[in-house]
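Engineer: Please assemble the complex out of the two chains, which come individually in their own frames, going by the hints.
Quick mapping for you: the protein sequence lines, in order, are chains Z and Y. Take the first sequence: its position 60, counting from 1, is numbered 60 in the numbering used here, and each next residue is one higher. Throughout, the numbering used here is defined as the position within the second sequence, counted from one, plus 1000.
Please keep in mind that the hints were generated in silico from the structure rather than gathered at the bench. All of these numbers come straight from a predicted model, not from anything done at the bench. Worth double-checking, as some hints may not be accurate.
As the list claims (entries may be wrong) - Facing chain Y, from chain Z, some residues (calculated, C-beta under 8 Å): (1) Asp-181; (2) Phe-183; (3) Val-196; (4) Ala-293; (5) Pro-294; (6) Arg-666.
Just so it is clear, CB atoms sit at the ideal spot from N, CA and C, and this is done for glycine as well.
Given next are the chains, with one letter for each unit.
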Amino acid sequence: MSIFYCYIPLDAIAAEKTARDSGRAQSPSLQSWEDELRRLVAETSSFPANESARLDLARRLKALPEYNIEECLLIIGSRFVELYLVAGTPAPSAANGRTATFTDFAKSFSYFITGSNQEAVIQFFRSALGWMPNGEHDPAHVEAFRRAYTLASEHKLAGLALSRLFQRALWLYEKVRLETDFFRHPNTADEVLLEVAGKIFGEFKERAVLFVGSNGELSHLVKIFQQAGIGHLYFALTGPEKPEAASSGQIINSWREVSQLPAIDLLLLFDQAGRNIITRAYLQKLMAARHHAPLLLADLTAAEAKKESPEEIAKMYNLFYFRQRDLEGLVEQNAPVRRQAEAEVTGWIRDEAREFYHWLNSADRFHFGSMVGRSPQMQQVFELIARIAQTGITVIIEGESGTGKELVARAIHQASSRARRPFVAVNCGALPENLLESELFGHVRGAFTGAVSNNPGLFEQANGGTIFLDEIGEMSPALQVKLLRFLQDGEIKRVGSNAVLKLDVRVLAATNRHLQTLVHDGKFRSDLYYRLNVIGIKLPPLRQRPEDIEILAAHFARKFAGRMRKTIAALLPEVLLRLRQYAWPGNVRELENVMERAVALTGNTTLEVADLPAHLREAASSTGSAARLPLREIERQYILDIVNACNDNYDEAAKVLGIGRTTLWRKLKNYAAGNGDFNS
Amino acid sequence: MIAIHLVQWLVVAAYVLALVYYVRFFRSGKPLESARAGQAMTLAAGLHFFYLIHLTVFTGHLPVTDVFEAITTCVWLFGAVYLSLEWRLRERSLGPFILPIIIFLQAVSNLFLDFSHELPAILHNVIFETHVLMILLSYSAFAISFIASLLYLLLSRDLERKSLGIFYRRLPSLAFFDSLSNFAVNIGLIFLTAGVGLGIYTGTKVSEPFFNSVDPKFVAVALTWLIYVFHLFSRRAGGWQGKKVAVISLFGFGWVLFSFLAVSLVFSKVHQFQ
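Okay, chain Y solo, but in the shape it has when bound (with noise of 0.2 Å):
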């Protein structure tokens, strides 16, 4: 029990560390400083993965029965994806801005994890811990296009004033932010699809009627997968760019983030299944 939690708190520990090396390499934006940011992020990343096995191997589950579990894994899911993001486009002016959303979350459901609370059944499946991770998975995109397209606005701002702020300074173009942003809700909105229709499936297999009942996670995650079409097809369809479309992302996430707290902690349960 100590050690779980010791290890839990080592890895918001690591995480803080890793903001402190990407906000010193935002300030001064010296290339050698950028590198040791990249590694003690992948270091608090790796940490997190081993708390995460810890935790599975002591429930007996993968962590994504409740609330408080799955954010830890939907941090985590967010971490490796900023991470291989990173690696990818190498640009590291994100990590400022997308540490602090992982370490608030880790802390909370590091505060309220209940490590012997009761399973449903149900809930104990592979299809359904799929369906879980889908969407999770779907959120950390969505939480990258937040961040890329609230960077959008700011460093728009920057070039309206035509002040030479630290984002003018730091931050690479517009097109870039544009481009992750919509890239991460393509890819956030494929996610959440498969993670939907897994989840209807699963429900179909429950005793009662799904249908019959308003299960308001259900309604919520709807709304997001509306929202997110409807980002989709704005840039599709109506041909709509920049700030407009960076303004859908920040209110669709906005929702999932109000979504996923309000009403996992409003409803006690995961599901509403009576």
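Isolated chain Z, as found in the complex (with noise of 0.2 Å):
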């Protein structure tokens, strides 16, 4: 699996178009994908801000023919386009057998700025961050990228890989934002005139600025001034023609309307012209109405006032008068600070990256057999899995029924060098003792009644793979003996037989009772247990991970529907909303059987709650069946829930759980800090 990023500025789409239009473009067939990538990308010019033609470009950047294209991500900012396209493996090229890859796509595209993988993903951590590729940072970015991401994520264009990559930007965004100085330092000196601006008048609600001088470069900062919410805006323009951003405010026409505006607390000078309607005696007249109240004078002229400068007056009054220059000279100033700030943050962001892309490949190689989870609890299962996979030890899997015991330990057989050789999975709790016993060691002729043949036994039939043992509880103590014995020495016997087998398996076992409890209360030898209990998984029930649950009921609906023929497009809100109220007694496996019910009922493409069982339908007003937890364990699910309801938007989840943004963050790290999930 691979992740690769393009950026492309808008200009040099605009001109491949022209280049096409004109017929100058080298190849107007549309045969291979890098043709219909190229021809896509070049129609994005036209509709930048159009949501659903960007959806539309999005799914078609999807269905790209012959390159096996899993998930994608379109982020249309104000001057670029910036594309995320993660793939599996490439699919042959029919046409001349040669396998495309992005990578050559990415060489006949002069503006791809980068390949794939390990920088795709840091870009995609500055991207989320709005730190762009130039080094400025946009704030409006930040938004188009998380509306990219809901967009996509909503038409099922995001899958794990970018949502996990999401969840990450957002945890290292609230990160940023709360522990550093990254957002806090104004990178331009408009940015920088805001931010004096705040300085004094705090809120701007109350304020009116005047801007003076001819129409000049203005729109861009009454745009800033508007986003900060601004009271009232004026503008007394010389130039001839009134420019567009004008209308948003009041425009002032003769020199007697300015002397009798009422309260400017800003005043943006943006010429020579604005310098010679603001004079010396204006300024006294106006400083004293405003009985020396703070005012702002800004002149944004890059050329030096010829005349008297208003420092005089400045010295004289409350006013703080800041020139280009001066604002430029804060730029500078900040430029350490933020170089500091940027410097950890790219530390941050190579070692999420580093630790996602270790993520990616494990999952990529491994599958983890058909487990899906996003929770922190399961990626956390996959990580050890991946982790113990290679050693050859023994594992225990604990967990409720129908968590899923049997997928790990195929995910970790799969892992394993030993994936070519038998995987073979016995239920201890299904066979009567004598029974499991010939079963596990195979017997010779004349062992018992019956035993017409010599039969070879499961751990034979498993050797140079893996044994599954399922239910190692429900053993006897007379085969426990024999279990340990082959632990220690690799060695077994037949039933009837003398003769020592030496067998290389690897044994893996499951229980759903607590072992531990078995072993105090002498059920279980407790020898057998410590040599089994080297590595312990416990898989959580999924009543405590219902963020996994919409994952998992997606994953279902699409596996039952493909098999019945059926298109289901969707879940409806109120199915999942049952289905996250709902205990989970059976866990994994009855949601399962839920949807395999619910596919087969529905006559239609989306999944209602009248295709749910009976009990479930009723789930959302009984409570009855919610496990009794303590307040601090249910303070952490419903808050860990609420995040995950607002797609990880802190903000908002703060806002729905009414604590503080800070109060909420300190939660989640200490949540992530006892996960050991996320490295904060």
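Structural biologist: The structure is reproduced here in structure tokens:
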């Protein structure tokens, strides 16, 4: 699996489009996916703001024929397009037998800036922070990024990889916002001006700003002040035409009107014409009328003033006077702090990227059987599996019935070097003791009545591979001894034989009962327990990881829809609500059955509440099945739930929970520390 | 005895700890450290409250009867007023400036507090205690105004110099300090007026005619009252804002400190009743 990233300035797209329209493009044929992608990207410039067209483009990207693109995210900012593609194995091109790779394409496209994987992931995080490739910070980009992700995930264009990246990116954003100065330092003279104004006036709601001069470059500043929520905008324009930006405020036509304006808090001069209007006499009059309330006068002209400067007045009154070069000087003063914060953030991003890359690779190589899970607990399980698979040690998998213990065992087997050798699963609870013994260890002819031939046991069948002993707690003490012997010496004897067989089998055991209690009660040998329990994997019950329910339900719906040749486009929110509220005593297996039933019953392309079993339909009102938990745990689950429901929008989650964003962050940090999932 | 000495210095230690957290937060500006500072301050104020109760039980009267008792009560009120402001305004940048005052005054009180002084009968009554509490509350409010004005001037200076000093980085806006200072003066004036009124009422109960002797404390408080009334009027009627008003507030609190310490120390008794 690879992640590709490209950054395309819109002017490059426009150039591409012109070239295509004028027939200068190299290949008009659309046979290869590269051409298709090229065509799609070229069309992008015609609809940069249209969400549905953007979505359509993303869908077509995903449907590119000759490359197996699994997830995609398309961000369209004000001046550029960003594209993230998560791709599986490349399909061989039908035309020439050549395997098309994205990197080929990247090379052929002059404005692609990065190839794949680690770099792309780093760029993803930077993008989430609004940190543009040219080093600028663009808060609007953060918004565009989040919107793009919401859109992508709503339409199933973002899968596990992008979801995880996005989750991590939001986490990082919060960390950067609360623990560094990264977002606190304005980067341009205009932003510094806004900050200075904020330091003087606090809130802008009641404040009035007057722009004085010819039309100049005021649209950006006007936008900045409007975003800050300034109360009144006035324009005293000396130029011939009225710029569009001025329509947002009141245009002052004559000098008399300027002098009659009630209360101006900010005066922004754009050029010499503006300087001529704002005379010393006028300032004196204005300051006197304001009773020396602070006034911010900013001279945004690049050239130095010829005549008297308002500095003297500034000294006499409560007037703050900033020239363009003062503002630029402030940006310069910010630079070291900003560089320091940027270096810190870069380090964090690199860590995140490395960790993600690791996760991606392991997920890619091992697939973790058919397990799906986005909850921190399951991610932790996946990581543990990836780490221990190669080691060959015995593992005990603990978890309630239906949590997928066998899937974990299979995943471990698949991820190990034994993957090509047999995997044998035995349920120790399903067979009576004697039968189980001969099943496991085999028997020789005449060992007991009915033993008509030599029969190799499951251990022998699993030689070189893995044996999975489910419900190990049900094993009789006699068998436990035999198993212990095998674990210690790697030797077994068939029933009725004295010959010792040396075998190489990895043992994975599972139990849905608390083994330690059984040991304590004397029902399970303690020496076997300690021999088995080198590594324990605990599978959390489904009710403790509600964030997995949605993704599992979607997974099963897709699976059964494919099997039953139906199309399931979506699960209704009410269905998900019911699923989330139910306590799932039968865990994932129960969910699987519920989804199978629902898919079988539905006559629609959407699953509805009516398709659910009766006890689930009513679950919304009953809370009786809920487990009894300590308050702290309930709080934890609820908070994680809300955060999840808000799509990791911490701002919104804090609002819903009615706590401060800092408090939420501290709590999440504590949970993360407890989980060991987020390295913060 | 030992216990109460231990507690009174523990209070100082708690305030010092809070100061450390506040300074750290002020320097880094990280929201996570802000919460810790607030917790430390709350803890210190809680401990101080416990100390005041202890003191009351120990001496048998509210700790307002001599100047050092009054100081510690005043310091606590000041801390409590500040904490409530902090909670209300969600702004912790004043802490590093307020805590040194608190620590200094509390240490002075600890050093000179005399647990076994004789108490004139007149001082042992509810109206008198209310009178002192009111005046002390008003002083706390004036102290807040003082800090706010000081920070107003510091921030203003950073802005004029066009340099990104620590004040520019960490402080909220001039408008914030202006309105905070004014708000505190208004509240302070209300308490001071009520306190002086109660004082005059108590004074008339004293056997000798109260206004025959010139009571230095009364004169000092009356002057304080005049300064802050001037502050109020300069804003309301004169429309003054910003720096000018800030300077008046600085001057006013300077006078409060001077009169509170100097007048009380020079004239050993609380009031010159003879």
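Engineer: Against chain Y, with CB atoms and a cut of 8 Å, does the hint on Ala-293 (chain Z) hold up?
Structural biologist: Given a least distance of 4 Å, the restraint on Ala-293 (chain Z) holds.
Engineer: Could you check if Pro-294 (chain Z) really has its C-beta closer than 8 Å to a C-beta on chain Y?
Structural biologist: It holds, given that the least Cβ distance between Pro-294 (chain Z) and chain Y is near 6 Å, below 8 Å.
Engineer: Verify the interface restraint on Phe-183 (chain Z): the C-beta must sit less than 8 Å from at least one C-beta of chain Y.
Structural biologist: Check failed: Cβ of Phe-183 (chain Z) comes no nearer than 11 Å to chain Y, outside 8 Å.
Engineer: Restraint: Asp-181 (chain Z) near chain Y, CB-CB cut 8 Å. Satisfied or not?
Structural biologist: holds (7 Å)
Engineer: Measuring from the C-beta of Val-196 (chain Z) to each C-beta in chain Y, is the shortest one below 8 Å?
Structural biologist: Interface hint status for Val-196 (chain Z): holds (7 Å vs cutoff 8 Å).
Engineer: Taking the closest Cβ pair, is Arg-666 (chain Z) under 8 Å from chain Y?
Structural biologist: This interface hint holds because 7 Å falls under the 8 Å limit.
In terms of the numbered hints stated before, the structure departs from hint 2 and from no other.
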